[in-house]
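Peer 1: Kindly produce the complete structure, drawing on both the sequences and the hints.
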Amino acid sequence: MWLKPEEVLLKNALKLWVTQKSSCYFILQRRRGHGEGGGRLTGRLVGALDAVLDSSARVAPFRILLQVPGYQVYSPIACGATLEEINQHWDWLEQNLLHTLSVFDNKEDISSFVKGKVKALIAEETSSRLAKQEEEPEKFREALVKFEARFNFPEAEKLITYYSCCCWKGRVPRQGWLYLSINHLCFYSFFLGKELKLVVPWVDIQKLEKTSNVFLTATIRITTHRKERDFSMFLNLEEVFMLMEQLADVTLRRLLDNEGFDLDPELQEPSRITKRDLEARAQNEFFRAFFRLPRQEKLHAVVDCSLWTPFSRCHTVGRLFASDSYICFASKEDGSCNVILPLREVVSVEKMEDTSVLPNPIIISIRSKMAFQFIRLKDRDDLVQTLLIRLKQVHADHPVHYDTSQDDDMTSHVFHSTSMCSDHKFGDLEMVSSQNREGSEEETSLPPPFEALRAVLQQSGSQSLDLRMNREQIKLSLWNDHFVEYGRTVCMFRTEKIRKLVAMGIPESLRGTLWLLFSDAITDLASHPGYYANLVEESMGKCCLVTEEIERDLHRSLPEHPAFQNETGIAALRRVLTAYAHHNPKIGYCQSMNILTSVLLLYAKEEEAFWLLVAVCERMLPDYFNHRVIGAQVDQSVFEELIKEHLPELAEHLKDPSALASISLSWFLTLFLSIMPLESAVNIVDCFFYDGIKTIFQLGLAVLDTNAEDLRSSEDDGQALMVLSRFLDHIKNEDSPGPPVGNHHACSSDDRGTYPVTDIADLIRDSYEKFGAQSVEQIEHMRCRHRVRVLQGHEDTTKQNVLRIVTPEVSFLLEDLEEIYDLFKREHMMSCYWEQPRPLASRHDPSRPYAEQYRIDARQFTHLFQLVSPWTCGVHTKILAERTFRLLDDNMDHLIEFKAFVSCLDIMYHGEMNEKIKLLYRLHIPPAFTENDQDSQSPLKNPLLSTSRPLVFGKSNGDATDYQKQLKQMIKDLAKEKNKTEAELPQMSQREFIQFCKTLFSMFHEDPEENNLYQAIATVTTLLLQIGEVGQQSSSSGSCSQEGEGELLASAPSPEQDSVFVDSDTGIISQDSQAFPEEAEGDWTVSLEHILASLLTEQSLVNFFEKPLDIKSRLENAKINQYSLKTFEMSSQSQPELRQKSNLLRS
757 MWLKPEEVLL KNALKLWVTQ KSSCYFILQR RRGHGEGGGR LTGRLVGALD
807 AVLDSSARVA PFRILLQVPG YQVYSPIACG ATLEEINQHW DWLEQNLLHT
857 LSVFDNKEDI SSFVKGKVKA LIAEETSSRL AKQEEEPEKF REALVKFEAR
907 FNFPEAEKLI TYYSCCCWKG RVPRQGWLYL SINHLCFYSF FLGKELKLVV
957 PWVDIQKLEK TSNVFLTATI RITTHRKERD FSMFLNLEEV FMLMEQLADV
1007 TLRRLLDNEG FDLDPELQEP SRITKRDLEA RAQNEFFRAF FRLPRQEKLH
1057 AVVDCSLWTP FSRCHTVGRL FASDSYICFA SKEDGSCNVI LPLREVVSVE
1107 KMEDTSVLPN PIIISIRSKM AFQFIRLKDR DDLVQTLLIR LKQVHADHPV
1157 HYDTSQDDDM TSHVFHSTSM CSDHKFGDLE MVSSQNREGS EEETSLPPPF
1207 EALRAVLQQS GSQSLDLRMN REQIKLSLWN DHFVEYGRTV CMFRTEKIRK
1257 LVAMGIPESL RGTLWLLFSD AITDLASHPG YYANLVEESM GKCCLVTEEI
1307 ERDLHRSLPE HPAFQNETGI AALRRVLTAY AHHNPKIGYC QSMNILTSVL
1357 LLYAKEEEAF WLLVAVCERM LPDYFNHRVI GAQVDQSVFE ELIKEHLPEL
1407 AEHLKDPSAL ASISLSWFLT LFLSIMPLES AVNIVDCFFY DGIKTIFQLG
1457 LAVLDTNAED LRSSEDDGQA LMVLSRFLDH IKNEDSPGPP VGNHHACSSD
1507 DRGTYPVTDI ADLIRDSYEK FGAQSVEQIE HMRCRHRVRV LQGHEDTTKQ
1557 NVLRIVTPEV SFLLEDLEEI YDLFKREHMM SCYWEQPRPL ASRHDPSRPY
1607 AEQYRIDARQ FTHLFQLVSP WTCGVHTKIL AERTFRLLDD NMDHLIEFKA
1657 FVSCLDIMYH GEMNEKIKLL YRLHIPPAFT ENDQDSQSPL KNPLLSTSRP
1707 LVFGKSNGDA TDYQKQLKQM IKDLAKEKNK TEAELPQMSQ REFIQFCKTL
1757 FSMFHEDPEE NNLYQAIATV TTLLLQIGEV GQQSSSSGSC SQEGEGELLA
1807 SAPSPEQDSV FVDSDTGIIS QDSQAFPEEA EGDWTVSLEH ILASLLTEQS
1857 LVNFFEKPLD IKSRLENAKI NQYSLKTFEM SSQSQPELRQ KSNLLRS
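Using our numbering, read the sequence shown as starting at 757 and increasing by one per residue.
Calculated from the structure, these hints are not laboratory results.
Be aware that a few hints might be false.
[Claimed, not checked] Derived DSS-like pairs: lysine-lysine, alpha-carbon spacing no greater than 25 angstroms straight-line:
#	residue 1	residue 2
1	K953	K895
2	K1107	K1134
3	K953	K983
4	K966	K1411
5	K1298	K1253
6	K871	K1088
7	K1868	K953
8	K1672	K1526
9	K983	K1256
10	K777	K760
11	K777	K871
12	K871	K902
13	K914	K953
14	K1400	K963
15	K1231	K760
16	K963	K1634
17	K1256	K1231
18	K950	K902
19	K895	K914
[What the hints assert, rightly or not] Per label pair, the in silico range of CB-to-CB distance:
#	residue 1	residue 2	range
20	V1513	A974	39 to 49 angstroms
21	I1663	E1608	47 to 57 angstroms
22	A876	L991	27 to 37 angstroms
23	L991	H855	25 to 35 angstroms
24	G1549	K1054	24 to 34 angstroms
25	V1513	A1415	21 to 31 angstroms
26	E1241	P1315	39 to 49 angstroms
27	G1630	A905	45 to 55 angstroms
28	A1529	R897	24 to 34 angstroms
29	P1341	A1415	29 to 39 angstroms
30	G1630	H1056	55 to 65 angstroms
31	P1404	P1626	52 to 62 angstroms
32	H1056	K1411	44 to 54 angstroms
In this text, a Cβ means the ideal position worked out from N, Cα and C, and glycines have one as well.
Peer 2: Set out below in structure tokens:
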């Protein structure tokens, strides 16, 4: 493979390498100990060293060096594991480079040329690595077979890719294979006769990071709830880490974050995920974040090119990005030049004549009479063709016609959308709402389109603007000069110069317009004519929880500002917030949106403010405004990492980051608007609309850096928070043309005259100079990592709250309860992994109460019941589990939560005997026992028990005593007790009692006291049958007289007629068809009290139900077998399908 050229000295390396080939500029070397010549002592030592080290530290046995004649420094440019591989690279160099290098006169040019070519090859090789894998399907198929055989997953567990790697246990490495699948990270090693298997679900991973140990400079550390594992590899470590990040992020968001999960459709379906999809997703997310485009925008092509930049009179090297609705350009040098071209603004895409000066050029023309020239485009023809197709589609969706009228100041075209509500004159940055204003008021209930509230107030204001506007005029002049050179539409050249102008503060007359351009909300505004007016008409007047929350917060939104001290401003704010809640019901309304919208309304008209709010909530601050504010928490976690990186001394002092988060969270949610004077905070909003979230990160770091000394000397968290609040309250904007507006959110102080004042322009400048180096790509990588931590933090919080709710109500130890919860959650997850989506598939709902977030269905419950329940009944276990599920499903939604499951389990393990018998009783009457019950439908071939024998109890002295009198007395006592308290449970019918007996009989199977228990249950069952018949006859005669009872007992046959036995075929107690006549079956009943009293007469039964049970062994066994049980079930289900398919093929 090709290597990134790095200079090395060969003075100390000659003993480790042997030169195989050489030319004027290249050397091919073999490492000693590999291939021929490895038999000498030096070769053996080097070979042994390489063999002992893991694959990460192991050096490839062949390499190619670049040598420039006369230089002592060499550069490795290629390496290979085999001689054949390295010879391919050598042949390529001889055929493509060797004859070209002789043309150069300067040795430095030779080195630069070769290194540039190698870097280009590396980039091409990286992009085509997946294609290379697909070209070798046999190797991947072989790895897939091994993966399936070693880990025995269902077919639905799709393997994404695999790598040779080393897993470290302390200082001991285990060489093996790393498999990355859609739901799991797996490692397999077989070394010195010992097999090692690791299976880590992505949803269990709490932290992913690159670290180092004593032996290696780079390893990947995976942290779960209980363990840390380090993985290292010789090649592709960056690629592996990126794929791990992507898989963990996709899986956690798919399974744990249903609220904010809006990934590409193919990623929502796990079986479609491929390595190429993950790489494309990473690139797509970077593209959207870098240019702050809509989340549904899909990237189609990334092409290296150069763009003509007239302000620098040269071509700027960079990359062109083509997506559904945009063409974007980013220079290689960060911040040098960026361009965003909405296809809606593009007029034509044309190819120019190819020349040596302008190779492969194209011209993209836009409506404002500007043209952009791109050169050095690879596959130009295909790119132009696809761009034209998408351009035609965009214009078809949003028809545009031109107006030949010209603006007073410039000659840019004014364009109109068909039936648009607004004319957008980009020439002078004026956006004037028209839609036939005179008629608009009559057509809708919406009031006339407002100007920005600040402009309305100024028009009706009384003070002279002369003194306040002096500085504004200077800024405005600078901006106008900039527009002439760099453009004034959304398609302007965005350079470092415009960033400096923004940091100085945007003139108030341009602020709202530039916010629209920088956020590209202007495109949404132009693409959706009349949409806002329709939303307002549909949403106003409707009352719901969201509108109530909005009404509560309306008068808390900048109450100190004159614009919101009258109904005009309040009504505009109400309309925008209500319209947005109607536009995006998933977000609806969240606190802090009112403050942000209030500021937007000060500088933009209502419809513009609405689309600015859409841009902020859905593009610029993703996942901020939802139920759990996941996005804000992720950025808080990123912010803490940045503090540790840039301000380590302060981070060490602030040992508890949650204290800082209590104040810094509002920095992110309200963009400093709630904790800083308004005239200062709007300058931060200016930078935010231009640079995105990195502005808030660097401003936050600058605030902490400025107050670092005071924060380190603070005695407690309260004092530290006071330091920050007082500092932020005293940030002023000396350039603001308007009067200062107080901030009721900020911490007021009596020492305003003595506390030093900080100018916002100085703070912003410091933030860019000290902390502005953080790139969008770095922030996105950090967000990906920290999202895993935040989601897992929510899962831990959910778990702790569920355990806190359940613990007082059960007798399990806390550690056992945690294990049961993990099994319960894992059972839910496994169904999400491998089962096809069903109507009840989305059972994890983070918005529900903690105890109800995870629920399982009947099939999942049956698996858990078989794993952890002490009431195992052989083949009868599944039937008992189904009845238990029906009993626990109180609301009949076919789902049960953890609390119900563990409460039932607690009775089985720790309940008193009467509680256990009551539970068993309830499992054999409705609703647990149904007419369609699988077991109740089986025919009864033989008699279960006969009542044709007198009840006899065995005595220790061998005597036998007839207990018929005791039986009559028991019936009388139970009847009296029943009269005292109304029975809680209905009586059990004959058929239900038969199933109850079968369950008891099955539970005793393989018990050490099995024989005694069988004899005891036979005796008790005979007693209960006689009780039931006594009740049956007494109910038929209308009274239970002494004479009737005597006749019943006197007519009982002798013991020789005993017919109590076990069906030898089924192992289940059976029933004589003559024992229960059909006509009397409906009247035969027995109560819980009857059963409990009868069971208490047999000590062996009492011992069985009261013996202590240990759940730990079952939990350990369940953790081992949970996956295999699920896999076996899915395999069993797939077998009939396979047989059916094979039969179809035969036919």
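Peer 1: Any hints from earlier that this structure breaks? Give me their numbers in increasing order, please.
Peer 2: 5, 8, 9, 12, 15, 16, 21, 22, 27 and 28
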